[in-house]
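I would like the entire structure built from these sequences, with the hints used as guidance.
Take a look at the letters that make up each chain.
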Amino acid sequence: MVEKILKKDDIGKLYSELEKEYKFYAPTKVKGNIAFKHILNAEEIELDYLNSKVPPKDVLFPQKETIFEYRYEGKEVIIEERKDLDDKLLIFGVRPCDAYSFKLLEDFFASGDFQDDIFLKKRENATIIGIGCNSPRQSCFCTSVGGHPFQKESTDVFLSDLGDTYLVEAISEKGKELVKKLSWLADAKKADMEKSKELAKLAEDSFTTKFNFDLVTKVLDENFEHPVWQEISESCIGCSSCTFLCPTCTCFDVIDENDEYNNRGRRIRIWDTCQSCLYTLETSGHNPRPAKIQRCRNRIMHKFSYYPSNYDCLGCVGCGRCITACPVNNELRLIIDKILEIQEKSGEKVSA
Amino acid sequence: MTEPIVETKQSENKEWEPKIIAFLCNWCSYAGADLAGVSRIQYPPNIRIVRVPCSGRINAYFIIKSLTDGWDGVLISGCHPGDCHYISGNLVARRRFAILKELLEFFGIEPGRVNFMWASAAEGERFAVLVRKATEIVKKLGPNTKFEKKW
Amino acid sequence: MGLETVNKDIETNLREIARGLLKDKKVDVIIGYKKGTLPLLSQPIIIDSEEEVDKLIWNNLCYVNLAKYLVPRVPRFVDSEKGNLKVGVVSKGCVGRALIHLASENKINLDEITIIGIPCNGVINRQRIEMEIGEKEILEVSVSGDNIIVKGKDFEKEFPFDEYMNDLCKGCKIRKPPLVSKAPDLCVGECEEYSNIVDDFSDIAEFEALTPEEKWNQITEELSVCTRCYACREACPMCYCNLCFVDQNKPVWFGKTTDLPDVFVYHLIRAMHMAGRCVACGACSLVCPMGIDLNKINRKLEKIVKERFDFTSGLDPDVLPPMVDFKMDDAQEFMLEED
Numbered sequence: 004m005v006e007k008i009l010k011k012d013d014i015g016k017l018y019s020e021l022e023k024e025y026k027f028y029a030p031t032k033v034k035g036n037i038a039f040k041h042i043l044n045a046e047e048i049e050l051d052y053l054n055s056k057v058p059p060k061d062v063l064f065p066q067k068e069t070i071f072e073y074r075y076e077g078k079e080v081i082i083e084e085r086k087d088l089d090d091k092l093l094i095f096g097v098r099p100c101d102a103y104s105f106k107l108l109e110d111f112f113a114s115g116d117f118q119d120d121i122f123l124k125k126r127e128n129a130t131i132i133g134i135g136c137n138s139p140r141q142s143c144f145c146t147s148v149g150g151h152p153f154q155k156e157s158t159d160v161f162l163s164d165l166g167d168t169y170l171v172e173a174i175s176e177k178g179k180e181l182v183k184k185l186s187w188l189a190d191a192k193k194a195d196m197e198k199s200k201e202l203a204k205l206a207e208d209s210f211t212t213k214f215n216f217d218l219v220t221k222v223l224d225e226n227f228e229h230p231v232w233q234e235i236s237e238s239c240i241g242c243s244s245c246t247f248l249c250p251t252c253t254c255f256d257v258i259d260e261n262d263e264y265n266n267r268g269r270r271i272r273i274w275d276t277c278q279s280c281l282y283t284l285e286t287s288g289h290n291p292r293p294a295k296i297q298r299c300r301n302r303i304m305h306k307f308s309y310y311p312s313n314y315d316c317l318g319c320v321g322c323g324r325c326i327t328a329c330p331v332n333n334e335l336r337l338i339i340d341k342i343l344e345i346q347e348k349s350g351e352k353v354s355a
Numbered sequence: 057m058t059e060p061i062v063e064t065k066q067s068e069n070k071e072w073e074p075k076i077i078a079f080l081c082n083w084c085s086y087a088g089a090d091l092a093g094v095s096r097i098q099y100p101p102n103i104r105i106v107r108v109p110c111s112g113r114i115n116a117y118f119i120i121k122s123l124t125d126g127w128d129g130v131l132i133s134g135c136h137p138g139d140c141h142y143i144s145g146n147l148v149a150r151r152r153f154a155i156l157k158e159l160l161e162f163f164g165i166e167p168g169r170v171n172f173m174w175a176s177a178a179e180g181e182r183f184a185v186l187v188r189k190a191t192e193i194v195k196k197l198g199p200n201t202k203f204e205k206k207w
Numbered sequence: 032m033g034l035e036t037v038n039k040d041i042e043t044n045l046r047e048i049a050r051g052l053l054k055d056k057k058v059d060v061i062i063g064y065k066k067g068t069l070p071l072l073s074q075p076i077i078i079d080s081e082e083e084v085d086k087l088i089w090n091n092l093c094y095v096n097l098a099k100y101l102v103p104r105v106p107r108f109v110d111s112e113k114g115n116l117k118v119g120v121v122s123k124g125c126v127g128r129a130l131i132h133l134a135s136e137n138k139i140n141l142d143e144i145t146i147i148g149i150p151c152n153g154v155i156n157r158q159r160i161e162m163e164i165g166e167k168e169i170l171e172v173s174v175s176g177d178n179i180i181v182k183g184k185d186f187e188k189e190f191p192f193d194e195y196m197n198d199l200c201k202g203c204k205i206r207k208p209p210l211v212s213k214a215p216d217l218c219v220g221e222c223e224e225y226s227n228i229v230d231d232f233s234d235i236a237e238f239e240a241l242t243p244e245e246k247w248n249q250i251t252e253e254l255s256v257c258t259r260c261y262a263c264r265e266a267c268p269m270c271y272c273n274l275c276f277v278d279q280n281k282p283v284w285f286g287k288t289t290d291l292p293d294v295f296v297y298h299l300i301r302a303m304h305m306a307g308r309c310v311a312c313g314a315c316s317l318v319c320p321m322g323i324d325l326n327k328i329n330r331k332l333e334k335i336v337k338e339r340f341d342f343t344s345g346l347d348p349d350v351l352p353p354m355v356d357f358k359m360d361d362a363q364e365f366m367l368e369e370d
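Residue numbers (the working numbering), protein chains in the order written: chain A, 4 to 355; chain U, 57 to 207; chain Y, 32 to 370.
Keep in mind the hints are simulated off the structure, nothing from the lab. Small disclaimer: the values here were computed from a predicted structure and weren't measured. A virtual CB, placed ideally from N, CA and C, is assigned to each residue, including glycine. Check the hints yourself; a few may be wrong.
What the hints assert, rightly or not - Straight line, CA to CA, 20 Å or less: simulated PhoX-like cross-link-like pairs of lysine-lysine:
(1) A:Lys34 with Y:Lys246
(2) Y:Lys337 with U:Lys157
(3) Y:Lys281 with U:Lys121
(4) A:Lys204 with Y:Lys184
(5) U:Lys206 with U:Lys121
(6) Y:Lys167 with A:Lys32
(7) U:Lys202 with Y:Lys246
(8) U:Lys157 with Y:Lys334
(9) Y:Lys65 with A:Lys341
(10) A:Lys40 with U:Lys206
(11) Y:Lys167 with A:Lys34
(12) Y:Lys246 with U:Lys157
(13) Y:Lys358 with U:Lys157
(14) U:Lys206 with A:Lys67
(15) A:Lys341 with Y:Lys66
(16) A:Lys213 with A:Lys341
Said to hold, decoys possible - Derived DEER-like restraints, expressed as beta-carbon distance ranges:
(17) A:Pro65 with Y:Ser175: 42 to 48 Å
(18) A:Asp120 with Y:Met162: 35 to 41 Å
(19) Y:Glu223 with A:Asp259: 52 to 58 Å
(20) A:Ile345 with Y:Asp216: 37 to 43 Å
(21) A:Ile345 with Y:Arg104: 22 to 28 Å
(22) Y:Ala240 with A:Val257: 43 to 49 Å
(23) A:Asp120 with U:Trp207: 16 to 22 Å
(24) Y:Glu223 with A:Glu47: 46 to 52 Å
(25) Y:Asp193 with A:Lys10: 44 to 50 Å
(26) A:Asp217 with Y:Ile228: 55 to 61 Å
(27) A:Pro65 with Y:Glu223: 45 to 51 Å
Dropping the structure here:
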């Protein structure tokens, strides 16, 4: 692991070199919000940001994605598969929580009998350059879910913001090769690495939100029908902002679009949400989750109970987007508090 | 034995003609269009007619879907107020048309793309005149490219 | 009188009235607003005892339209034995209008609710403030004089409330819930009788004067970030359809993707469905996670029904809304006529 220094003034140089080989995605301002978009001009890159509104999962798993297209030629139907899955992508400036979410997304799309080629191919061809959080928000809680504001494991290259420069650390093999290509980067000094460690400690100590999620999982597993869910789901209006902005939410709907007048069509997938009352509506008309309380409960159970059972890890990265996005302030921290209160109230009830 | 399909060659200097979808109420406007045809009154062939039982059947969805499907213009025609076969269908529709027209204009769709008219079963000439007028208005606006989906 | 004093007065009066209502058992539960955990948010709260009355607040961050919780009734408002409980709703003008309009659509029984009127002085446009602060965390929001003070770790900024109020609130003429003459016991607190509301809609005049091309460009630009999460639809008290038109699949009318034509059409048709029903509460814009501003569209809807049908939604539960009514002499200047 060779550490290098990237001057903030040289971001443009980095961009012009890398964009020749990669499709370069980075945070940029779009209508007042930060979003990860394909950058065409180095001036658009905004690295001085808290976090993006829509998580960078949007790059690998976009809101709307074509699965395949088809067209009629006479009586023949010709199906065209995606051709751009082998493009090399570079996602620059991803926060550690979002970088970790890519691992969770990979677990999901690779699990079971059918692998999702579209996502997995893109993920394989994507290089992630992460950046540490010098000042996490009050609503962030990555340290409670096994993360850290300077967590490097899920990235290929990791940047630490040292003021005028970034400390560049190559983490994975892919990352080492990339840094090697950027031979013009200066070597880092010991003082730079010390500063990075210092910033990491400061960031870690600044967290105000801390939870013991092992306990939360246990309480959730034992209290599916507890009346606390009534209280938790009371003010929820089912707007689904939480699921649309969550880096680990993966549900999608598949739609066929027909363009009869032009003899063509396509099959696409769009984000779906478990908070919609139609989400579990079956063709027969039966709906296993007809009421808001069930849908509200499902989201919490999925992240903190089903994910640990199925994938052996929490389904949450602690980014706090659901907390800041909820318009009725029915935020996760209050929900977790109410859930943990069950344990306190039951007192003698000990885990099996 | 099947006949070979004869391909007609399009003339090179054909200017663009708008495609207008026309929703005509069965009792008045459709009959009026029929009268225009039977009386051999010439009117532009740009309209493609869809017969509906009453102008009150017209849902905003029909109009908007026509625009998103790429139709250059939409024309809706019903019975004169007071003459509706179903008594008040066209009166209900008139309010809907008013709201839709104002909203479409507010959202930036050119006002001439969607047109409404009344034409009774005896007014073949009037039908032809108004269709001619509508076609001219839409022709001036050019093709409807706003709703093209780029794949 | 500064903003803080005004709000404090409203809050004190509100709590007094709430206490009285619960004590005299005029209502079983009250739904109002409570302080939020984040600086620019508030929470809805349901209370059923006098001890909890002090949790009720009024500040300019009370966005959610509480009428949403009545249609359909949240479980807390229904008792297994007594049936529908009597609910007291802390109502700004728009919340009161929403309740009365829903009554005119037969979705609420006015005998089962009490409107606790408060003289709303507007809500802050939180998305606008967040965008102007940019990528810095807001830690505290307070009021000084008529300004909103926003503080963070190493910044402090002042926003004049009159300017940073939600656009709909700026033009709002119905700040207190309307009194309903046939239901004199419906309203307590500050309510007002409205007749002949004068509104020149000058706030949208500038937009209306643009060419169709410019209007299209501006609206599509505003809608370009829509992610089709439908938060606007879920927050609106008037959107209570069991199957929304976008979700229909027999037949599929419009696309559900984020392609511009699909997004445009969704907002256009939803606006059409709101004609004569929208009470201009601004909840749709204030809950949007992407910060889309639908205020101009909502004002235009109000203008259309006022000028064509002399109708303002939510004033009288007995007046038929314009889209379910018709008159022989309705204006038809837009119809094509022979020259």
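Now for the hints, and whether the structure bears them out:
no.	hint	result
1	A:Lys34 with Y:Lys246	holds, 18 Å
2	Y:Lys337 with U:Lys157	holds, 16 Å
3	Y:Lys281 with U:Lys121	holds, 14 Å
4	A:Lys204 with Y:Lys184	holds, 18 Å
5	U:Lys206 with U:Lys121	holds, 17 Å
6	Y:Lys167 with A:Lys32	holds, 14 Å
7	U:Lys202 with Y:Lys246	holds, 13 Å
8	U:Lys157 with Y:Lys334	holds, 14 Å
9	Y:Lys65 with A:Lys341	holds, 17 Å
10	A:Lys40 with U:Lys206	holds, 19 Å
11	Y:Lys167 with A:Lys34	holds, 16 Å
12	Y:Lys246 with U:Lys157	holds, 15 Å
13	Y:Lys358 with U:Lys157	holds, 18 Å
14	U:Lys206 with A:Lys67	holds, 13 Å
15	A:Lys341 with Y:Lys66	holds, 17 Å
16	A:Lys213 with A:Lys341	holds, 15 Å
17	A:Pro65 with Y:Ser175: 42 to 48 Å	holds, 44 Å
18	A:Asp120 with Y:Met162: 35 to 41 Å	holds, 39 Å
19	Y:Glu223 with A:Asp259: 52 to 58 Å	holds, 53 Å
20	A:Ile345 with Y:Asp216: 37 to 43 Å	holds, 41 Å
21	A:Ile345 with Y:Arg104: 22 to 28 Å	holds, 26 Å
22	Y:Ala240 with A:Val257: 43 to 49 Å	holds, 44 Å
23	A:Asp120 with U:Trp207: 16 to 22 Å	holds, 20 Å
24	Y:Glu223 with A:Glu47: 46 to 52 Å	holds, 51 Å
25	Y:Asp193 with A:Lys10: 44 to 50 Å	holds, 45 Å
26	A:Asp217 with Y:Ile228: 55 to 61 Å	holds, 59 Å
27	A:Pro65 with Y:Glu223: 45 to 51 Å	holds, 49 Å
Hint compliance for this structure: every hint is met.
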